[in-house]
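Protein chains: 2
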Amino acid sequence: MAATTLKGQPLDRPVLDSMLRRRMFYTPSFEIYGGVAGLYDYGPPGCALLANVTDIWRKHFVLEEDMLEVDCTALTPAEVLKTSGHVDKFADWMCKDPKNGEILRADHFVEEVLEARLKGDKEARGVKIEEKEEDPKKKKRKVKATTAVKLDDAVVKEYEEVLAKIDNYNGEELGQLIKKYELKNPNTGVEPSPPVAFNLMFQTSIGPSSNAPGYLRPETAQGQFLNFAKLLEFNQHQMPFASASIGKSFRNEISPRAGLLRVREFLMAEIEHYVDPEGGKKHARFDEVKDVELVLLNRHTQLAGQTHVEKVSIGKAVADGTVDNETLGYFLARIQLFLEKIGVDQSKLRFRQHMANEMAHYAADCWDAELLTSYGWVECVGCADRSAYDLTVHAKKTGAPLVVRQRLEKPISVEEWQIELDKKKFGPHFKKDGKTVEAAIEALPQEKREVLAKELESTGKIIIDVEGVGNGKVEVSKDLIVIERRTRVENTREFTPNVIEPSFGLGRILYALIEHNYWTRGSEGGDEARGVLSFPPPVAPTKVLLVPLSSHESFKPLLKHMSNKLRTLGVSSRVDDSSASIGKRYSRNDELGTPLGITIDFQSVKDSTYTLRDRDSTKQVRADEDKILAAIKSLVEGTKVWADIEKELPAFEGQDAEVPIR
Amino acid sequence: MAATTLKGQPLDRPVLDSMLRRRMFYTPSFEIYGGVAGLYDYGPPGCALLANVTDIWRKHFVLEEDMLEVDCTALTPAEVLKTSGHVDKFADWMCKDPKNGEILRADHFVEEVLEARLKGDKEARGVKIEEKEEDPKKKKRKVKATTAVKLDDAVVKEYEEVLAKIDNYNGEELGQLIKKYELKNPNTGVEPSPPVAFNLMFQTSIGPSSNAPGYLRPETAQGQFLNFAKLLEFNQHQMPFASASIGKSFRNEISPRAGLLRVREFLMAEIEHYVDPEGGKKHARFDEVKDVELVLLNRHTQLAGQTHVEKVSIGKAVADGTVDNETLGYFLARIQLFLEKIGVDQSKLRFRQHMANEMAHYAADCWDAELLTSYGWVECVGCADRSAYDLTVHAKKTGAPLVVRQRLEKPISVEEWQIELDKKKFGPHFKKDGKTVEAAIEALPQEKREVLAKELESTGKIIIDVEGVGNGKVEVSKDLIVIERRTRVENTREFTPNVIEPSFGLGRILYALIEHNYWTRGSEGGDEARGVLSFPPPVAPTKVLLVPLSSHESFKPLLKHMSNKLRTLGVSSRVDDSSASIGKRYSRNDELGTPLGITIDFQSVKDSTYTLRDRDSTKQVRADEDKILAAIKSLVEGTKVWADIEKELPAFEGQDAEVPIR
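Chains as they are written, first to last, in our numbering: chain A, 1 to 662; chain B, 1 to 662.
If we strip away everything but chain A, and leave its shape as in the complex, we get:
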């Protein structure tokens, strides 16, 4: 599927890229030093765009639902990420070319070579080659052209099967594939070294001694989990609740490409919504979103090799089990509403369910919001039900009680095997080992207690395993211990909450947003070279451009006056008093995505009337200051659209006509 602009034109990415660089939306970091792959700086418009998207995110999620926002450190001690599993598992497989030292991501390498062979086979068979959708996460490396070599039918089938499962191979298996198919680096003709795991976290050392290894966090989530108990307390022990965090995360990609889509330092916004695992994970506000319709590409559809599905209401999807539970469904709908609010093209949005083998083993369900760009479908938001995994592993490691305790309305009775020790005799009998033995006894599970109760009754003693005491076997006689079936009344219930985690890659969303709002005037009979970014006004980096007709002194007080007025209204504006023609100045701001322009001319000096220009239609109206300011405010706040303003205020045909409209 070829990428298109907002107006359906074919999207010419190099042209867009060059415009984004020229207007400094973002730029390779350290470029005067030769740059570093995967690192980008945001220039003024990119920075403002990102700030506006983040601000809307905060209002849409954090403020709307009273989430508890926290700001945790990026520096993280190794122990925390060992517990979470990142130290052992957050890795990709990499190979090295022994000849030129090139480092290759193993799965991408296998894929690249097999695909090249299949392409060569098609050429040899004279089959027309379809342009495949690009996957931004994979290969963009320049390699030598393929050669047309026909393969056996069986080989073609085998290659295709390997490619279908490429995400599922481990390092050893990838190494076997390289050997088996004699895969050579096309750039050198040499077989790369066997794959080794490369951890994707940036390592460092915290403090002056070298024995405190740390990492830069690869996600904000862990910091939120570690604060769970304090946040629950802050929330006055009320459930459910959510924490949220906006901050930078870091991943040391092996070979980052594809611009903002795969970078080593990026802004994330993550929510950890804690929910009671019992009662079906209902959500109190689910009714508010149940009619929102989503494109849901579920597992079965994917397995059937299909990608097209009709929209379905989230209410129905939860009811029929497509989406696991109400809370997960609530957030999928809320994610879609957020993306719609910032100006994402809804026809280029889908939710894709993770395949069973894609998900972490603890996850109950996971959906990605994917946005269609010229790089193909790009995962921009993940929404996973992480079950109780994270809180459980950190609690187990640290002993911290990361649980919720709730008073039961009706106390419940529990029948269980209870153990009672005769403390007066027990201590003196075991002396220094007393505490160790006692701890071992108290840790005995119910099944074991039942067995031991019988043993005690029949033999008058029990023998239990206690590590570190004597030979590891300890005898306890019946004068020291009683094991009995008793009834205990519970007044509180204790549980580890499950976590639903919507996780946003704001840089990726920003890039997709740019593509979705880009078009050129050529689509309306104008100049093909004139790019426009039609961001919705609340998202646009700058809302108003102030343009004096010329550098005449009499315009200066009006410029200052209007700047101040707009600032008081909370509307960001910029002045362009350069000597370029008005048309050129507006054209520059079309590329910056500025939705509105005010022209100050000699008439303005006389009667305080101004023209207001709409970026998308290039049409203008003229009115007095108050009416112009009121129009701007309503447009920026989204209470009116340009068509409303055109009806209310008289049109203006400027002396400095821009482009012929049709």
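FYI, nobody ran anything at the bench for these hints, they're computed from the structure.
No distinction is drawn between identical chains; accordingly, a pair holds when it is met within one copy or between any pair of copies.
Okay, derived cross-link-like pairs now, DSSO-like style, lysine-lysine, Cα gap no bigger than 27 angstroms in a straight line:
id : residue 1 : residue 2
1  : Lys341    : Lys560
2  : Lys556    : Lys59
3  : Lys96     : Lys165
4  : Lys59     : Lys640
5  : Lys248    : Lys59
6  : Lys560    : Lys59
7  : Lys119    : Lys184
8  : Lys565    : Lys290
9  : Lys556    : Lys290
10 : Lys410    : Lys556
11 : Lys290    : Lys560
12 : Lys282    : Lys556
13 : Lys448    : Lys397
Following the hints, put chain B in place on chain A, whose structure we already have.
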């Protein structure tokens, strides 16, 4: 000087600390794993407070002056920080105790032991020991108590001289002091190892190969400098202009203490204002601030051992040369206005000029805005004139033209020695060395050219040094070269701008802001244990608390209604519908700094009237919904104060009286 609360009470820091932790303003990171010194997470109120301070900063500086905001990466290749001088010089001296492995910051250690000896001397002499102002940057280490030993008068004098100069010693000198005075670690009685330099940057490796060392940035400045040429272009080549950046920076402190004041990861806001070095660094808007009065503690006053100075207008301070130039003065005044706006106590603010030896060698002048806290005077904002240093070193290293080119209104004539080569003969003569020789010739400075012109005239040839060609000496005969004194007309002027850099430590400002706004109800005859944070409403984490009288069902729709109304007004609110008494709920929110409270009672259900409570006076008024909302909006926007509201709306004496007011 003892620290005081907003109401002049003695400030009890442990009580405040415990309140801040209880209310989760901030909390040690990774606490359930034992914590990591110098790393803190912001909880919900701290996070909101920081976001509000940052937002006001952005409006006050970036939007007010059309600064170009950028967002650069924290990951930085080593080469960049080598050029900037950080790899070689951004270090502290550290010693190690060979007995217990304790790591000591060398200057702090010398200071600590000498001060302990002086204290022991005073005790032995029976002199009353004054409580010295604490310096938050130094010692807070628990060490064994001092012993009372009398010293010779000469020794006392020597120690005092060393302490006065403690910031000026290098590692070797600190090592000599340790030897000379036989300084032992009080915790072990052992002399520590000689000081070694410890670089304060966190090191890592970027990418999969290990030969790309990088650091986490210790400041945001370098990323801004590297984008200078692009930003100048973005600003359509207009000077002066400023870039700005808000982001995390990282410093691997040897032994961080003093809470938020010395941490390893912190939020900075930095401005790089580029100014033409010629013409006295005037500022176009200086007149707007010239009457702002500041406490300026200049070098001479400090050398004279004084700390008290009268306020002086910045206009006068620049005119009499106390502050180097208008641009620097403009920013000092703007910094003070910002601090005032967010609620810093103006009586606890001073600007301290750096001593000559404190400044970087390239700096022309530097002032710190210091805020008085219970840790003493704390540097919270630095404002330095960095001259052309940064742009110059990066340009020299990379060859990038980090300069401004301006068309001269009147062209100027320059007489100079020009060199002309006969290209047709020159290339064939030198063959492969042609380009190298040519480059060497073109690089010849004017003085050298003059000498060579005479040599050429008298001998018919010149001999120049060309590294890498032959034996390094190259002969050029007069048929290949002409050297002549000629006149060149210059139409453009090229210069490297100077940089004025206001640099804000937002975490430190936040902590000082908390201390400056803290007090307890005891000061007004109430409960000493009831803390209040009287943040100005625009800064307060949450603006309004919504309190239903009880959990009665009839209050719920009103709560939801008022929440929505406030959200539409852009006013953040929280509901506390817990079962605690109204007084307790308000008390909790006094500690959170929430300035306003709305009580919803049975009267509200009947007639839509509500009571509005003022945090600072605990007084209440009652009116209908619209009036209450209008009052809230004006208070939050700062257009009215509580006294105005009390005049406009009828007072309300609640059934749930809180504290006896006087």
